[in-house]
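Visitor: Spelled out, the chains give:
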Amino acid sequence: MKTDVHKINENMSWRDITLGCMVFASGTSREFSTGEWRVDTPVFHEDKCKQCLLCVPVCPDSSIPVKDEKRLDFDYDHCKGCGICAKACPFDAISMKRGEK
Amino acid sequence: MAIRERLSGNEAVSFAIKQINPDVVPAFPITPSTEIPQFIASYIANGEIDTVFVPVESEHSAMSATIAASAAGARALTATSSAGMALMWEELYLAASNRLPIVLTLVNRALSGPININADHSDGMGARDAGWIQLYAEDNQEAYDNMVQAYRISEHKDVKLPVMVCQDGFITSHAVQNIDLIETEKVKAFVGEYEPEEYLLNAANPMAVGPYATSGYYMEAKRAQAQAMFDSKKVILEIAEEFEKLSGRKYGFFEEYRMEDAEYAMVIMGSAAGAAKDAVDKLREEGKKVGLIKVRMFRPFPAQELAAALSKVKAVALMDRADSFNGFSGPLASDVRAALFANKLTPDTVAYVYGLGGRDVRVEDLEGVYDALLRGDLACEEIPYRYLGVRE
Numbered sequence: 001m002k003t004d005v006h007k008i009n010e011n012m013s014w015r016d017i018t019l020g021c022m023v024f025a026s027g028t029s030r031e032f033s034t035g036e037w038r039v040d041t042p043v044f045h046e047d048k049c050k051q052c053l054l055c056v057p058v059c060p061d062s063s064i065p066v067k068d069e070k071r072l073d074f075d076y077d078h079c080k081g082c083g084i085c086a087k088a089c090p091f092d093a094i095s096m097k098r099g100e101k
Numbered sequence: 102m103a104i105r106e107r108l109s110g111n112e113a114v115s116f117a118i119k120q121i122n123p124d125v126v127p128a129f130p131i132t133p134s135t136e137i138p139q140f141i142a143s144y145i146a147n148g149e150i151d152t153v154f155v156p157v158e159s160e161h162s163a164m165s166a167t168i169a170a171s172a173a174g175a176r177a178l179t180a181t182s183s184a185g186m187a188l189m190w191e192e193l194y195l196a197a198s199n200r201l202p203i204v205l206t207l208v209n210r211a212l213s214g215p216i217n218i219n220a221d222h223s224d225g226m227g228a229r230d231a232g233w234i235q236l237y238a239e240d241n242q243e244a245y246d247n248m249v250q251a252y253r254i255s256e257h258k259d260v261k262l263p264v265m266v267c268q269d270g271f272i273t274s275h276a277v278q279n280i281d282l283i284e285t286e287k288v289k290a291f292v293g294e295y296e297p298e299e300y301l302l303n304a305a306n307p308m309a310v311g312p313y314a315t316s317g318y319y320m321e322a323k324r325a326q327a328q329a330m331f332d333s334k335k336v337i338l339e340i341a342e343e344f345e346k347l348s349g350r351k352y353g354f355f356e357e358y359r360m361e362d363a364e365y366a367m368v369i370m371g372s373a374a375g376a377a378k379d380a381v382d383k384l385r386e387e388g389k390k391v392g393l394i395k396v397r398m399f400r401p402f403p404a405q406e407l408a409a410a411l412s413k414v415k416a417v418a419l420m421d422r423a424d425s426f427n428g429f430s431g432p433l434a435s436d437v438r439a440a441l442f443a444n445k446l447t448p449d450t451v452a453y454v455y456g457l458g459g460r461d462v463r464v465e466d467l468e469g470v471y472d473a474l475l476r477g478d479l480a481c482e483e484i485p486y487r488y489l490g491v492r493e
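In the order they appear, the protein sequences are chains A and B. Counting from 1, one number per residue, gives the positions in the first sequence under the working numbering. Counting from 102, one number per residue, gives the positions in the second sequence under the working numbering.
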């Protein structure tokens, strides 16, 4: 049974749930705002950033977008606020706001 | 014409697997099922089948790899026993809830401890709520026949659930019996090619298997799974009917043996049904109205049908080759009693646990059970059920 993933919602009958909850689409995690789970929030200080990009590969949620070899501000829809990027940054270009979204 | 052979239960099931030629078999050896992956490996080495064999490091991995292969789009199979299946516990639930048409050939063996390698149903019973269809066999022929039917059931669009093809360790798996095998081309035509509609390796239609379901979805997912188990009953009968046309051998949810006018019955599962039938024949010669029901399909549990089959008996013995340690009775006895109650039937019942860890169950032991029924000796004093033949 194939269902458009965008039509799945919490009001639907069990009869319309896909077989084993299989998701018949790709890249759907993009549409799920895991950023809502965040307790602490990283703040990007562009003035201190040397664009070394050490923060990018350590992010477990791919929440540091890169364009033209330069990192941009955080993707707060998906950042869970783990703080690994702030630890990895050698230039204090990332600080953590404690207990704030 | 069928092929007349003499094979052990493990050989018989392996022969069916050779005829089916599944795509992927990840397996880890454990007595008494070890021979099955061994035979499969030999068929591959001899170029008789083109199955991919995955030698894994544990049964946890065996079932994980089987699930992965199935999700990828392969017809996948594994074999195990006892502690091996216990180690698969988590994955058994995943196979069923992800609705993957996997077949597991289970050679029933006691669970530890004390450690023991012989037959009883404690491994299969431990998995009875995992969401798998479970088919049990009395002998090699039934084990072979169930294996031939398994993928048809499992892969059916109204089912999509894994199937466990069970037989008793050593008693069936290692004992050689005469057997009628079906010609390979007929088995292949019956089982058919596996063509999954959706599968992970289909790059044209990307999909994800096994996602997280929040509490807003989990119950709906389980309800849908429950429906598949319920719907599988119709499919199991349809496939059995088709199989009868192919082989001449009839299968249902259970076998009724001399039940027409029976007043005293036994419900039993697996190889001991053979000895029980001998006991029935002996007592019938003495004019006693006794009969037997041998359960083939334990999951889904044929509650209504069993109750109907027992609607005319005065007393029934419920025989478990596993203890449930619930302080009340073995699992088969609990389910049959619940089925009787739900159908407003109240024959006298007595529950027995027998044959644990390969303990011999002789014709005279089972005659003793019928004797107790005939005498009305049903009281259980120390505990609410009986241990057949245990040393007091």
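Please note: incorrect hints may appear among the correct ones.
In silico lysine to any residue, SDA-like type, Cα no more than 25 Å apart, as pairs [as the list claims (entries may be wrong)]: (1) A:Lys-7 - B:Lys-119; (2) A:Lys-87 - A:Thr-28; (3) B:Lys-258 - A:Val-23; (4) B:Lys-323 - A:Phe-24; (5) B:Lys-323 - A:Lys-87; (6) B:Lys-415 - B:Glu-361; (7) A:Lys-7 - B:Leu-301; (8) B:Lys-258 - A:Ala-25; (9) B:Lys-389 - B:Leu-301; (10) B:Lys-351 - B:Lys-413; (11) B:Lys-119 - B:Lys-323.
The set of hints was computed from the structure by calculation and includes no laboratory data.
Visitor: Which numbered hints does this structure break?
Guide: 1, 2, 5, 9, 11
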